[in-house]
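Please arrange chain B on chain A, whose structure you already have, making use of the hints.
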Amino acid sequence: MAQEKIDFAAILNEEAQEFKEIQILNEAGEIVAPDLVPDLSDEQLVNLLTKMVWARTLDQRSTALNRQGRLGFYAPTAGHEASQVASELAMDKQDFLLPRYRDVPELILHGLPLYQAFLWSRGHQAGNEYPAELQALPPQIIIGAQYVQAAGVALGIKKNNKPQVAYAYTGDGGTSEGDFYEGINFAGHFKAPAIFVVENNGFAISVPRSAQTAAKTLAQKAVAAGIPGIVVDGMDALAVYQAMASARAWAVAGNGPVLIETMTYRYGPHTLSGDDPKRYRTPEMDQLWLSRDPLIRMRKYLTAKNLWSEDQETALVEQFKAEIKAAIDQADQIAPQKVSDFLKNTYQNAPQNIQEELQKFNQREAK
Amino acid sequence: MTQKTMIQAITDGLAAELAADDKVMVFGEDVGKNGGVFRATEGLQAKFGEEKVFDTPLAESGIGGLAIGLALQGFRPVPEIQFFGFILETMDSIGGQMSRMRYRMGNTRQMPITIRAPFGGGVHTPEMHSDNFEGLITQFPGMRVVVPSNPKDAKGLLISSIKSDDPVLFLEHMKLYRSFREEVPDEAYEIPLDQAAVVRSGKDVTIVTYGAMVREAVKAADELAQQQIDAEIIDLRTIAPLDTKTIIDSVIKTGRVVVVQEAQRQAGVGNQVISEISQRAILNLQAPIGFVAAPDTPFPFGQAESLWLPNAQDIVAKVQDTVNF
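Those protein sequences? They're chains A and B, same order as listed. Start counting the first sequence at 1; every next residue gets the next number (my numbering). Start counting the second sequence at 1; every next residue gets the next number (my numbering).
Honestly, the hints are just simulated from the structure, not real lab data. These numbers were taken from a predicted model, which means no experiment stands behind them. Ideal placement from N, C-alpha and C gives every residue a C-beta, glycine not left out. Treat the hints with care, since some could be wrong.
[Stated by the list, open to error] Distance condition first, Cα-Cα at most 16 Å in a straight line; then the derived EDC-like pairs of lysine to aspartate or glutamate:
{"#": "1", "chain 1": "A", "residue 1": "159", "chain 2": "B", "residue 2": "21"}
{"#": "2", "chain 1": "A", "residue 1": "51", "chain 2": "A", "residue 2": "318"}
{"#": "3", "chain 1": "A", "residue 1": "344", "chain 2": "B", "residue 2": "165"}
{"#": "4", "chain 1": "A", "residue 1": "191", "chain 2": "B", "residue 2": "50"}
{"#": "5", "chain 1": "B", "residue 1": "52", "chain 2": "B", "residue 2": "22"}
[Said to hold, decoys possible] Computed Cβ-Cβ distance ranges for the label pairs, DEER-style:
{"#": "6", "chain 1": "B", "residue 1": "49", "chain 2": "A", "residue 2": "141", "range": "32 to 42 Å"}
{"#": "7", "chain 1": "A", "residue 1": "252", "chain 2": "B", "residue 2": "295", "range": "50 to 60 Å"}
{"#": "8", "chain 1": "B", "residue 1": "307", "chain 2": "A", "residue 2": "73", "range": "44 to 54 Å"}
{"#": "9", "chain 1": "A", "residue 1": "348", "chain 2": "B", "residue 2": "274", "range": "20 to 30 Å"}
{"#": "10", "chain 1": "A", "residue 1": "359", "chain 2": "B", "residue 2": "278", "range": "15 to 25 Å"}
{"#": "11", "chain 1": "B", "residue 1": "274", "chain 2": "A", "residue 2": "178", "range": "51 to 61 Å"}
{"#": "12", "chain 1": "A", "residue 1": "142", "chain 2": "B", "residue 2": "20", "range": "30 to 40 Å"}
{"#": "13", "chain 1": "B", "residue 1": "267", "chain 2": "A", "residue 2": "7", "range": "50 to 60 Å"}
{"#": "14", "chain 1": "B", "residue 1": "317", "chain 2": "A", "residue 2": "160", "range": "52 to 62 Å"}
{"#": "15", "chain 1": "B", "residue 1": "288", "chain 2": "A", "residue 2": "330", "range": "56 to 66 Å"}
{"#": "16", "chain 1": "B", "residue 1": "3", "chain 2": "A", "residue 2": "249", "range": "48 to 58 Å"}
Looking at chain B on its own, in the form it has when it is part of the complex:
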């Protein structure tokens, strides 16, 4: 065990799979000599060579097509899209092509691709870099969308994603990259891609969230504990497909729920969670479902992020509403 940041855990996971499987290929813009703009691929080209870790021309749709073609030749591509704001350029490769390949070809072909992309707000990137488009990708059956909230999960989920024979979008929240360290096992390990985690047990209210909002929820729960409100926190970890069972079990237990997402309020993952709870557990609820989300504007300019992004105080206030209903 070593104390590691999330970015170190991700580099660790990439190195583990590059070493374990000769068919793993890591590529994208600036991932080679430069080690990625966030240094997620730091040292990998030097260690594994230019055949397995390589730069591509600057074209995200081309990167998507490259991944699909390499997968058809038996490789296990792990492309990086430099910022999630650029993912729209790969939309056909993801939604039109790789996500439906297994279905389209009657299970005779598969797309073991893991697309990594830094996403989320709070680090003051220039405009059009951050964005929370994850809800869009969850609309494509056949895709798995994975969002780790901490270093230990990041490594295990990344290894599982690379080993998966389904295409995976692996989203790395930029604010979590270096904001804290925790114990990460040195060896390779896997975390299932279809299981949410109960990161804190509680009996009064359930907070369902993912990504950077898990940390905000934990801060909120600490404060709520001072007020004798015992919150349970569920980290979705995989936002498509959803682990609905873990959510419903918790909601039935607590009878109150607040769904939290960093993305805008309209459409998106949180509304899917709310829909499932409404359909399956509405009679178990003692208060309306609470929803904390960002306002329905495009992602904010860098200096306005703190005005826009949901935070622990928003969660505390919403939980209080729900508990005092």
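Extracted from the complex, chain A is given alone in its bound form:
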């Protein structure tokens, strides 16, 4: 047998060294990277925590509504607030959002009326009738598809000479899809303004991140596409905001896409459709991540700045609960769906088979 003349172990080790996690605000609510603190006004900082409190409240209420049978499909978001809210707030309203099923908070923050998000959860088409000005797609289910489509949207933005970006989300499991690579590679080749966010919460339903790939980080997959990749503390809203805002500036300047891996955790199950995390997670693991909670550290940070108080938060939570109740009531008012509408929406102009079926369903629905 020939000797190994090339030191592969050293190469592998070298590859893994490159991707250090970026943190700005630690668990104690202290700034640990002063040079990287995003340039946010007091008002913007308060807004950041306010929206994170909103997302946590929405998660709690959505879970309750699901158990009452008033909501359908739901993928819990608690634990993801920094990763989701801070990434969305760093974007412009005219940027194009390609979410996956867990990214409903970003969609609402981007402009989707809350009652429509509830209708989507219930499986009602009106949930996906997006206002013309809303720059977003409904949540993607076929994980990976949003990545190849983001490359296309970003190329379109570039060809239209708009100062915007496309931004897409997936989870740690999503990075194993072939489309993940095709998406980042296409965007990289075309220098298209796309931001690819990987919310690494450690589990693809039950399969741990370690079983997805031999790569030490998911961000390093960017190297193969010739684009920058970074790892950020996904429980740190300031780090996520800084990463997204910087990536946006880089992309809008014509430099191409960025891949951002946010290290986070979902406190709840994959979805409320029967998943039991006790099968694959330990209480110790849950406790460790709860101690890194994104809201706790932002509260500490803003309280120290005299920008936040418990009373203030209690009042906000009550306000959000009232808004959520109003939205679910509004969703209840939407008329039931009609197959005739589905038929009309299948083609621009109804072909023969659709016309025949329309006739049948129009009669049935008139009864």
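Chain B alone, transformed into the frame defined by chain A:
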């Protein structure tokens, strides 16, 4: 009018729409400098520039996603999938995504995409290039699947496909690309995407087919005419959605029908046609419906194509069975 091959007519149609609409984008593997492996995009990049006619990395799913994303930004994408055998790599973009976008978003968004792909057998490609997967794509409501059988139709149907606000799969039979020329108008013109063509009138039997089998059916009809059998030929042109009315009108008139497809016998377009005839005109039939199709094996190796592909003689024999029933 100029005598043109089908590939020239297709290039013509692409050029017409690139010139007419600034939002049309032609892209795919080797479509730029190389003009496509069959030269369908020959000269288009030089004429319309790299912004509108461009090569992509070699990844068909990426090409599908690119088309969807560009459509969301207001473009009218015309991607090429180099060979139809590679279409399976784009299956989610077609069946999971673009075909249902209008439905899924309650008619608030649309996907004006035309995917072009060379397909069919008879030109001895390496394995896994040819294939007749068109029946698969016809299973996705929201998609239109168009298959021209001649140069004049190819140009008109292609222009209509590009102008259509529905997603279209436009299938170009490789054997028809250069096998004959016919008069093709120089100007742009449209052919509706929901109308079959009666390419030959007859009173004794109806032959329903599409793609390269239309030429075989015409050869068969010439031979059958010598035997005093007067065949009517319907070229479906659009295999999804189907123009059922034209088929049924003809079958009621002739009372006998043979359905012909190049694809394998199992599932597929021909069986859908047979189903519609069975449901709507069975009492008008004087003989069982005839079906000419390829055997139920995977697409054959290049040198075995002539043993496998249906041809005019198969059609003649089946029509004789039907007429003499």
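The hints, checked one at a time:
no. : hint                       : verdict
1   : 159/A to 21/B              : holds, 15 Å
2   : 51/A to 318/A              : holds, 14 Å
3   : 344/A to 165/B             : holds, 14 Å
4   : 191/A to 50/B              : holds, 15 Å
5   : 52/B to 22/B               : holds, 8 Å
6   : 49/B to 141/A: 32 to 42 Å  : holds, 37 Å
7   : 252/A to 295/B: 50 to 60 Å : holds, 57 Å
8   : 307/B to 73/A: 44 to 54 Å  : holds, 52 Å
9   : 348/A to 274/B: 20 to 30 Å : holds, 29 Å
10  : 359/A to 278/B: 15 to 25 Å : holds, 21 Å
11  : 274/B to 178/A: 51 to 61 Å : violated, 37 Å
12  : 142/A to 20/B: 30 to 40 Å  : holds, 34 Å
13  : 267/B to 7/A: 50 to 60 Å   : holds, 55 Å
14  : 317/B to 160/A: 52 to 62 Å : holds, 57 Å
15  : 288/B to 330/A: 56 to 66 Å : holds, 58 Å
16  : 3/B to 249/A: 48 to 58 Å   : holds, 57 Å
Hint 11 from the list above is the single one not met by this structure.
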